[in-house]
Structure formats: C-alpha cells, structure tokens
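As given, the protein sequences belong to chains A and B, one line each in that order. Take 1 as the starting number for the first sequence in this note's numbering and just add one per residue. Take 1 as the starting number for the second sequence in this note's numbering and just add one per residue.
None of these hints come from the bench; they were simulated from the model. There's no promise every hint is true.
For lysine to aspartate or glutamate, the following DMTMM-like pairs were computed, each having C-alpha atoms within a straight-line distance of at most 20 Å [what the hints assert, rightly or not]: (1) B/K101 x A/D81; (2) B/K101 x A/E55; (3) B/K22 x A/D95; (4) B/K263 x A/E67; (5) A/K26 x A/E12; (6) B/K100 x A/D81; (7) B/K269 x A/D119; (8) B/K100 x A/D5; (9) B/K284 x A/E12.
Here are a few chain B residues that sit away from chain A, every Cβ distance over 12 Å (derived from the structure) [to be verified]: (10) L28; (11) D72; (12) D104; (13) V105; (14) L137; (15) N152; (16) Q266; (17) A306; (18) L317; (19) K618; (20) G625.
Idealized CB from N, CA, C, for every residue including glycine.
This is what each chain is made of:
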Amino acid sequence: MICADKLVKRFEDKTALEQMSASIEKGSVYGLVGTNGSGKSTFLRLLAGVYYPDEGAITIEGQPVFENSRLKDRIFFVADDLFFFPQSTMNQMADFYASLYGGWSWERYKKLCSIFPIDPKHRINTFSKGMQRQAALVLGLSVQADYLLLDEAFDGLDPVMRGAVRRLLADDVAKRQATVIITSHNLRELEDLCDHVGLLHQGRIIFTSELDELKLGFCKVQAAFRPAREVTDFTGITIMQYEQRGSLLSMVVRGNSQEVLQYLQQFDPVFAEALPLTLEEVFVHEMEAVGYDYNNIIFG
Amino acid sequence: MTTTTSSSDNRRFWNLYWQIIKRNKGVLFLSNFCMFLVFPLPFLFQMLQNRKRVFRELSPRMLNGISHIYTDLTTVCLFVILIGFPLLVAGMLFRYLHDKKAADVYGALPITRGRILGANWLAGTTILSVPYLLSFLWVALFSAVFRYPYFNLGLMFVDLGVTLVMLQASFAIAVFCSIQAGTTFDSVFFASVLHIGPAIVLSTLPSFWEVFAYSFSWTYSNFDPHWGALLPYVTYIMEGGRLAFWICFWAVLTGVLAFCSLKLYQRRKSELSGNLMLHKSRLKGFVTLLIVWICSILFGAIFANALPSDTILGEKLAYLLGTAVGAVVSCLVVEAILARGFSTMRRSYKRMGILAGGVTIVTALIITVGAGFAERWIPSLESIESITLNSYNYNGNSIYLDQSTAYTYTLRENENITDFVNDRRGGTRSYNHYPTTWGAQFSDTEQIAYLLELCHKNVQARQQEAGFLGLKQPAEYENLSFVGRAIFRLKSGRTITRYYNWAEPETAELLDKWRFSQGYLRSTSPLFLNQAEQIDEAALWDGLLTEKYALQLSDVQKEELLDAMRQDLLQRDWGAYLAGQQQTLGYVTLLMNPPSPDQSSGRFFTGSAELEILPDSKNVLDLLGKWGLTEHLQTNPDRITQVAYTNVRYSLSSQNLFDRYRLIRASDVTSNDILYEGSIFQKMDLADGKALLTDVRTIALSAQIGEQAAVIPSGIVIPEDNLTILFFYTDELGESSVTQRFLPLSKLPEKYRNSLQQEYEDILQ
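Let the sequences and hints guide you as you build the complete structure.
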C-alpha cells in the first residue's frame, strides 16, 4: 500500500505539494489527473525516490522510499521527459537496467520488442517521440516492477499502441498484482484502465474514488416522449444534468440505470435507453456534489 | 536479510561501475592514445637519440621528474592534463546531475546515492589512472630496452604515486563542484576558480602585505611553489620535503572533499538539476569572494599606478578606490555570469554591496593598520646566527662551493657526466661532487648588526617615501631591477627569508660601501676562502694581459703570495680605485683546486681567481721584487699585432645587490652586447675598409692608453659615461689571441673617441 501523509514539496518560492495525503491500495491502477503544474509529476518523483519531501512522509508498504534501494528495486518510474544515454540503443539501455533491477526479465523484454514495432539495435535518438515512449514502456515493463509509475504514459502514442499498453498493464496487474500509478491531464485516457482515480489540484488531492463506485452512483439515459415532457415532470428521480432537443431528452441521473428506465416507463416513452457515462461526466457531477466546480478547476 | 541487501547493493555498485566504464570506453581509448603521444613516445625518441652516444651527454637534469622520465614536452603536457583531464572526466561522468531527465533515471535507480557517487568516482579514477599506468609501463619497458642509466623503478613508483594523488585531488575538486552546481557550466566555472583562485590569492597575499605592511616579501616570485603549491601542477614540479608535505596536503584534501561530496550528494535536491544557482549557496559565495578579492587587488594596482599621486597617501587612496571599483565590477560580472543575465541584480544588490564593501574595508584596515608594523618583522641581533645575502663579491661572483655538502658520485655504466663540478679521483669512476651554494654568508656580529641596520633603514625609508607600491620608483632606479634576498639563520634553528624588491637609495649606497669593507672581503673573496694548498697554478700578467708568465712556486712561496695578495686587497685605497684613478700595473691569477676532504669544511671557490696589481699593492710588488719578477709586469708593445676599439652597452643583464654600480667583466657581456659589438665592427668595416688597426703608431698609442688608463675591470661605470673596449691581438705560439681592456670612452684619442661616440649614438637611435 502506498501512503502519502501531509506531503509538502517546495521549489524555491513555489509550493508544488501542499499537505497532500493519499493512500493507494496494492494491485490497483490509480489514475492521477490534474492540470499542468498541479503536482502530479512531483508526487510521482517523490514516490520514485527521486525527490525527498520537505515535510510529511511517503511510504510504500510502511517503508520510506528515499535512499531505500531494496524498496526501489520494486519500483520503476517512467518520467514524462524521457532520458536515454547519448547514442545508446534499446539493447544497451536494457543491459543497463538489467544490471541494476532484480526483477528484470530478458524473456519479457524480447517478447515486448516483438510486440512493439521498434528495432532494439537502433540508436534511440533516431526514434520518433512516440517510439521513444514505446521504448521507455518496453524497458519499464521488462523490469517487472511491483510499482509502476507512469508520468503521462500515453503522451505521443497512437491509438493502437495505447490499446496495447492498456492491455499489457492490465495483464501485469492481473498476473503479478502490480500497482500502477498513471498520471494524465486527460480523463478519457484513463477511464478504460484505472480502477481508482484521484484529482490533484494546487498540490492537494481534492477528490479520490474507486471508479466502479463512481459509475455505479450515476447513469445516463436517453428517452423520447410524444408529446414532449418537461424535465419537471420527473420528480421521482434525481436529475443531475439534462439536455432537451424537441421530444428527445438526455439526462444524467443519480441511481441505477435499470431503476431509472423502469421509472421512465410510466411516462410511456417512444423509446428509453441507458447510455455509457464517460469518466469526465462522472467527475463533473461528483465534484459538484462535494462543492467544487469542476470546470473552474480544470480550466480556471 | 541485511547481508542479502548489502550483497545486492554491492552487486549493483559493481554493475553500475562497469556500465559507466563501458559507456566511456571510447574516452578511455582516446586518453590512452593521447597520453602515449605526449609521454612514452617523446621518452622513446629521447632514448633513440641518446643510444648512439651511449648517454655520453645525457645527465639526469635533461629529463624532469623525480625519476627523470619526463621530457620537456611531457612536463608541459602533464601540467595541462593534471587539471584539464580530471575536469573533463568529472564533467562527463557527473553530467547526469545537471540534466533533469537524467536525474529522474539516476534518482529512481535501486542503489543508494553513496554507491552511485562511489561507482562514478571509481570509474573516473579508472579513466584517469589507466593511461598513466600504461604510460609508466611503456616508459619502464623503454628504459629497460635502452638501458637508461637513471632507470629506477622505486622512484618511478613515487612519480606515479605523486601523479595519481594530484589527479585525484583535481578530480575531487571537480566532483565537489559538480554535486553542488545545477549546470555543467556552473560546475566547470566553480571548479576552475577553485583550482586557481586560492593559489592566486595566497600567492599575491605576500606581495599585498609587503606593499602595505612589511616592506619585504616572503618570496622572490609571486608564484613561488610554497604558495603556488595550491595549484596541483606546481606541486608536481617540487621535490624533497616540500613535495612530501604538499602531497600529504592534497591527499588529505581529497579525502575531505570526498567525504563532503558524499554528505552533500546524499542530501542533494534532485530538482537542482538543470537549474541555475540563484539561491543561497556557500560554494557560490566562496567562489564569488575569491574572484572579488583577486579583482580588487588587480584594480587597486591599476588605479594606484594610473592615477596621478605624488604622495604615499595619494597612492593609498588611489589603491582603495581601485579596490572598491574592482570589487563592485567583479560582483556584477559574477552575478551576471551565474544568472545568465541581469534579472537577479535587483534581488542581489544587498549581498553584492556587503561583499564589495567588506573587501574594501578589510583592504583599508590592512593599509592603515599595517603601516608601522614593518620593523617588527626584522629579527633581532641576539637571535641571529648568520645572514646569507645574495650579494656579489669583489670579483663579481655569488656562487660558492661548500665542502660540508660534498658527496662522492660514482658513474653508472654507460654514463659520462661532464656538467658536474667535480674532482675526479685518479683511475676511478668516482667523483667528489660539490653542490653549489648561492650568496655570501655573514656570521660576525658586527656584520650582522650592520646588515640589520640597513634593513631597518630601508623599511623606514620605504614607509615614508613615495614608491609605495613599488610601481613608481625614483627615476634613477627606473632601469634597475633590484632583488635583495636575506636569509636569517636563527639560533633557534629557524630560517627566515626576506626579499627586498626595492632598495632605498641611501641603503643601496651603504651596502655598496660595505662591499669593500674588510669584513665583507674576508667573507667573500676567493683569496680568503681558499687556502694556499689549493693553488694549482699561479701566473703573472702584464697590465694589458698580453703576456703570461707562469710562476713556479713552492708551498712556502704559495703561502707568501696568497698572504701578500690578501694584505693588498684589505689595504687597497678603494676610494681611488672606485674613482678610476689607479693604473693597472699587472695581474696575478691563481687557478684553484677544491680542498682535500680533510681540510676546511667551509665555503670555497674553484677555478681562476685574480688580483689587479695597483700602485698601492705594496705587498705583492715587494714579493715580486724579492723574487726578481717585476719586469714581467711590463707590456711589450712589439707583441701586439693588431688593436681594435669598440664600445658596449651598459644594459648588462647581471643583477646584483649593488646594481647601481655595475661590475663590468668580460664574462658579464651578454650575447646582445656581443651582437652590438659585431654591428660596430661591421660599421667600422664599411667606414674605414678595415676592422682592425694594425699600423705601428696606433698600436703603440693604444698600448700607452691602455697602460695609463684607469682600472676598469672591476671599477665603476658611471651611468652617463660611455665605455669602450680595447682589443689587443697577440701571436701566442703561432695562434692569434686577444685580450681586452675596459676604458671610459673619454680616455681614447679624439679621433677614435668621436668615431665611437657617433656610432654609439647612431645605434641608440
């Protein structure tokens, strides 16, 4: 379990993390979202042992990370700005990590190299941005770390590769009970992968929840009525958001979709169906529920 | 569990080390190649050059270093390599500290920071040391193949050890800076300043104190190795006890820096990587202080020299103004360099103000408080056992041999050393070698008291008169370079050395008079330092040195002659001699051997010693009369076949304590003067169609002039006067030989005087 307790990290006159507290269960895929400069990368660096906190503590399985080589052997950090030794090839980088990480698997490395369309014998500096990202992920996955920290992991990846990475991460979690923390400023990138999400704003986690719980609490339905109905007619359900176009009414409603559809049947709809709810929509409503204006946080 | 972790950490340490070595194998190869080019290869060439001559001409001094293995090229290159190479290697290996992306990777590695530092340090040491180790192996191989007579494996190991310690020290400084700096530029900047800054400050401090407080310096040169040893490469050229001391110093410093680097690295903030050092940093503060201090001294000297000031007060104020300006300017420049612009100036003005003001105030305190303390630094009469002064003796010599330091040197196989002052033992390959010693030594209380009085006079005058910085000397001293070195050997066993780089005129005159005092002559003349049994040959010459008469003397006669020469020297009318009023009647020359080992243990001379026979040389003249040899003092003009006149410049290169009164001797004439003579001859050729005057009348006249002219060989040359040389050519056993007499130009016949005067003026123009 990862536990951050009142973490403070300052850079000269700027505070990146302000009394941040969080706990992340082992074996989960935790998505950390937030705007640029909200402190996501700083949190990951603290978690990877690159930085040490100015105040507070960050522990994994009850142990501090900084200068804890035994623990760090089970953590791998893929930074947003990737680093490879000058003029090095994938194989040379692999040799470097293999010599330092106890969990390195050459077998997995070779397998991953065959999955991703990159030549491990070519110099990495000749790769495109997306290919470099793939190389970093191949190296990171070959380490077989218990804790995989991915900072903007999908940045530069095409949709096909994103799908591949998602599957590989899901496989890691399923087979080895790995914990993945992945940051992004784009919720849509995370919703297919994460089981937990947290929103970081101005150095604090202002919201964190299990994704299933979030989605279970809301549903999105679409129904058509003839004659058209006013939204005020539906007093038996809690409508969070609605949109009316003629006789077609789209609503985000608190509760189970089956129950809501059953309720709508008494108004004799032309049709009524449940629609998938995006993570962003869930966030908007959940945050409004706890008193935040999501749009102001993200765009403000 | 702890053992498992430790074992795992050790494995990672060595793995990381090999990874670094693998990544830098190109650098390792290149450095080995370059090192071979500048070290073993020149040594090989030296061996090849000397192979045919079987080291006949090769003495240990031809190659440098403790084990005599460095050629001049190698020595110069190694100085550069000792500083530059560690800086370069540290820059490469610790570049990850200055790159944000690399810092992420290294910071997240499952290995402690201490081990990361250790692995990089060890890799750096390997990259730095392997080229040296291989080079030494090459040199040892070449030495063995070519049977280099000075090959000594033990000394080579010492040389190697010294080199490795110096490399480590330079590397430690560079790493120490890398850990604290955020960018490679800052790291190199700090390391460079730390390499040379303390050495410059400590080297200039003696001069600074000399100027402001003591009126003497501890060192002859501002870059004397004693202070300059703070530069690694200066340590490198030292030998003996000083080398041992400074090697220990560097070794300890390396250890301290390694420890500090480890502690700093363990708490180093990774976020520093790639950032400028805009926040408070002790290293930045120290480096800035060094630069500000150096610049303030430099600007102070420039202002004191450039601004018009006739009084010592004026010079001091000018110096202070320069100090303040230098401090402010350097503060601004350093801040702009480290901030890469002027954006931080407003925030830093208070700190810069305090720094510049502090340096100026400290300088002002030294200037004002230091004055008047100078005489405290001259030892008391009671505490002194002897004083060694770098003064020339009456014969213009300042280099002595000392029986007490003699040792026997046995030639090695294939060795034939010719440049040693030695005494070959018949039929053996062993030599008595006498190291030379410099300066006249005085242990008589009266002489010591006199010298101390002169020191005090000089200091007092220096404190009171203009010429405060030594930059504005009185006009009559403009062309004189004065360096007076006094070594006070105290009864406590301590030795104090004082350099007086400026002589107050009154002191100089007193010193000059003292040079001809009986005490001085007894302490410095070969006639008194050598014994009669050392006389190998004695000869009598006429006044123009055209004819030599070899004296065949018994031991008793040698004693008599030496005693007479000593008495005449002591009783000489130096006033008339220095005024150029005494005619030279002839010369007695003595060729001296070293004393036998069981004889005196003091100083002595070898080679030739001579004494002019003047009208007041009564003892020698009486002895020659008694032996019936007076007739050999007469010059026979018929022996002279040719005669020539020329003149010489006064700017002879020899320096001595009495620079105002120059001893003009044939040996003092430099190659420049000879060139000048050559040009005179050439011009005379063009003008007269002949260089040498061969008509009988001219020769007779010249001989007469030469005989009657004032004594010049060891006399005064008045700076305003011009000097001429008369060359007398004789046929000695069928071979032409030449002797020369120095004369004031005014003594020549008008025809030649005018001609030479004109030539002299033409060339000066």
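Hint-by-hint comparison with the structure:
1. B/K101 x A/D81: 6 Å, holds
2. B/K101 x A/E55: Given pair B/K101, A/E55 is violated - Cα atoms ~24 Å apart, limit 20 Å.
3. B/K22 x A/D95: 11 Å, holds
4. B/K263 x A/E67: Given pair B/K263, A/E67 holds - Cα atoms ~13 Å apart, limit 20 Å.
5. A/K26 x A/E12: Distance ~33 Å between A/K26 and A/E12 Cα, so the pair is violated.
6. B/K100 x A/D81: Within the cut-off at roughly 9 Å; holds.
7. B/K269 x A/D119: 36 Å, violated
8. B/K100 x A/D5: 26 Å, violated
9. B/K284 x A/E12: 17 Å, holds
10. L28: 16 Å, holds
11. D72: 38 Å, holds
12. D104: 4 Å, violated
13. V105: 5 Å, violated
14. L137: 30 Å, holds
15. N152: At about 43 Å from chain A, B/N152 clears the 12 Å cut-off, so the statement holds.
16. Q266: 7 Å, violated
17. A306: 43 Å, holds
18. L317: 43 Å, holds
19. K618: 90 Å, holds
20. G625: 94 Å, holds
In this structure, the hints that do not hold are numbers 2, 5, 7, 8, 12, 13 and 16, in rising order.
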